[in-house]
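Hey, can you work out the whole structure from these sequences and the hints?
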Amino acid sequence: MSKTIHSYCHYCLCLCGIKVTVEDNQVRTIEPDRENPYTWGDFCRKGKTAAEVVAHPQRLTTPMKRVGDRYVPASYEEAISDIAARLNRIIDEHGKDAFGTYHGNPLGFSFSSSIFFAGLLDAIGSGNRYWVGSVDQNNTHVVQEAMYGSELISIPGDVDDCKFFLLVGMDPAQSKFGWVDVIPNGWNRALEAQRKGAEIVIVDPRRSVSAQRADRHVAILPGQDWAFLLGLLKVIYAEGLQARSTAVPLAGSEIVEALTREVELDDLAQRCGIDAEVIGNVARRFAASPAAMCITHTGVSHTQAGTLAEWLGHVLNAVTDRLDTPGGKRYERGYVDLAQVFGRFAPATKHRTRLRDLPTIAGFHSLAELPDEITTPGEGQIRAMMIAGGNPVVSGPDGAALDKALGELELLVAVDIVQRESHRHAHWLIPGTHFLEREGLHALTAGLMDRPFAQYAQQSVKPPLGVKEEWEFFTDLALAMNKPLFGVRGINAVVRASRFAARKLGKPGWALNPRWIERALVASGRRLKFKDILAHEHGWIYGEKSYGDLAKALRTPDKRVQLAPPTLLWRCRQQLADRRAVTSENYPLLLINRRSRESMNSWLNETPGLFEQQRSNSVEMHPQDAETLGLYDGQRVRLRSPTGAIDLPVSIIEGGRPGVVTVAHGWGSRIFDPRQAVSAGGLGANRNLLVDRMTLDPMSQTPVLNGTAVRIDLIESPPDKLATDHGQPESEAA
Amino acid sequence: MAYVIIGTCVNDAACVPVCPVDCIYPRPGDADFATADMLFIDPDECVNCNACAEACPVGAVLPEQNLPPHLSRYKDINAEFARGVKA
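Going down the list, the protein sequences come from chains F and H. Numbering-wise (my numbering), the first sequence opens with residue 1036 and increments by one. Numbering-wise (my numbering), the second sequence opens with residue 41 and increments by one.
These are computed hints drawn from the structure, not numbers from a lab. It is possible that part of the hints are untrue.
[Unchecked claim] Far from chain F, some chain H residues (derived; all Cβ distances over 10 angstroms): (1) T48; (2) G69; (3) A71; (4) A74; (5) P108; (6) K115; (7) A119.
[Claimed, not checked] Distance condition first, Cα-Cα at most 30 angstroms in a straight line; then the derived BS3-like pairs of lysine-lysine: (8) F:K1542 <-> F:K1503; (9) H:K115 <-> F:K1231; (10) F:K1054 <-> F:K1038; (11) F:K1198 <-> H:K115; (12) F:K1100 <-> F:K1054; (13) F:K1385 <-> F:K1054; (14) F:K1503 <-> F:K1564; (15) H:K115 <-> F:K1054; (16) F:K1231 <-> F:K1503.
In this text, a Cβ means the ideal position worked out from N, Cα and C, and glycines have one as well.
Structure, rendered in structure tokens:
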């Protein structure tokens, strides 16, 4: 019996509609859903091969308990009672902060998992919460809070009507425009706008595929986007090219203008390695365009001045009237009260870290701090951790330090579909579920869409027999620990009563489940009815794109966009005073990061249907640098920074900026098979091992994943061996 | 709009496994793969993701609108072949 399910892919924020054919609980095919009114036209191989991840050969299908060097299968009852008892003992003895958590994107893409994970953390009350946002998007949250009064106001680009795209630190041919916003098929839509006369400027040290299609590629020095953007503002103010903001009231424009008078254009040009003439030209064209947008993505956020540059990008849009105007940046209010949702998902907290005394951003601390918080003795030291849908050893800086720290924990619980690099010291492995196995409405993405759109994800296949969804595990653990779920006193009794009633009456939906929360959120938004969302299996464009909601959504005290928050002005002056070179004689090259469309960070690289041709990352470098060092294409080299060293093959790539080498992140992550004590995968090398965990963007607490000073050393290896040992999956005893 | 394979195709099928919608024909294993002069993209199925163009070692895949006039005939050649495969 074959059935067809229409849903969408949850790997990245393109949210491509999918048509899944299922037979006997097995996925037969996954195709793009051509009837999806929002995402059709977009699709990639990640979604196409999703069933290979469901059927992962190392998939966890039962809780696994570490016994010595091996793991043995266990029941959920045993797992939950053991974890609950050990956690309670640790918390009773050492306090709530002795329990730390980390979660990654796969958890965030599941609304039910995210909400109930937060429910568990609130039940326990620990402030030691860490997340992947701190190595990715924290700078946007800081800027949103400072300028719009909320950490959670996302303003996607209005690509179809744009006439001038200024895209900084992004490669939309790979990312499809998505980051903390949903713009399905965004790059093709931008190219369509280009055919109708729009201009595309890409600012990126690397000659990416996007840069090749752009009208102008500005090959900037890594980490210096802020200087380029400040230069644009300098020209705009000096030549009186700013425009009155028509959609939102602004505050502080004159303060920014004064700041631009303190700086010299030639100095900024020298810092970012771009001629003052080019800066002036881009500024004038941007300002003169009838519809323009400046977007800054991870190429910017991964630098030490990432928050500063993000802010300047927003200011540039604001002072040229690009906020909430056609072809600029448009705010979509969505169908739920997002601030309320996020208040639950990432509640405001005053918690500060023990060692570096840093506050949370969007509710969480920086991954860069985690190793020391585990290894440094004292009150508040983390002694137990749960990692849910995350792989922080590979995602974060200095993974070697974190790996060592995780090995010192009294208790490490990993929740995921396989045992990954970061889980190798785990005492308990708890199976996770794949998006094809879950249903639900992801209310968190409603305000990130570039059009009013809603889609309820349908379950395509059931999880492996006996595997609980993550939310259920988190709930059961809170109950077993006797801690009130969501931190709400008395709620555990309600949960138990609802489960009892459901069992007695034979109505499973009566037991507390994520649908309760989804329905309540949709109702509170007062824009859509839950049943109407359910009725649109291909997804629902429930309204026309409209403008003007941003002004109403502002949460600043004076209801104006703050162009000159004092902390950012201070940060700018601090950066202007800093003239230290990042590179040195010992480490003369700058390492930057890149994305690959087929890669979702460290999550999928070992999937057989992806990367059929090159199953590894490599050191991409300019021909000029290769010649200076005497390197040939495919040669294995050692990349070294003061923090670590990795071996990878060289790829010589034409174009871009000499002195810059690119290595994609997410590689070099092993998958372990707890049943057989062997590991597989480990394709490529983890380039984040080269990144220091102490040097952070002081505002976003994000490590410098872009712009790490490195050098290349030769390693002895006979050339004839290269063809065989490059990119082949390895197997080894764990 | 779709991507189009031009006559410089060398049939190495580097593009076939990266296509997210499997719209490149014939595939290794298909009866006519051994005798095909070149591969073809079905314009009705192509999602313009650019993956084939990146994978092609000889630059034989171009977006339709970037075809120079002297190669524009390949647009129809691709479409006709794809129709033949599906017929």
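Need the list of violated hint numbers for this structure, in ascending order. Numbers 12, 13 and 16 - these are the hints that the structure violates, sorted from lowest upward.
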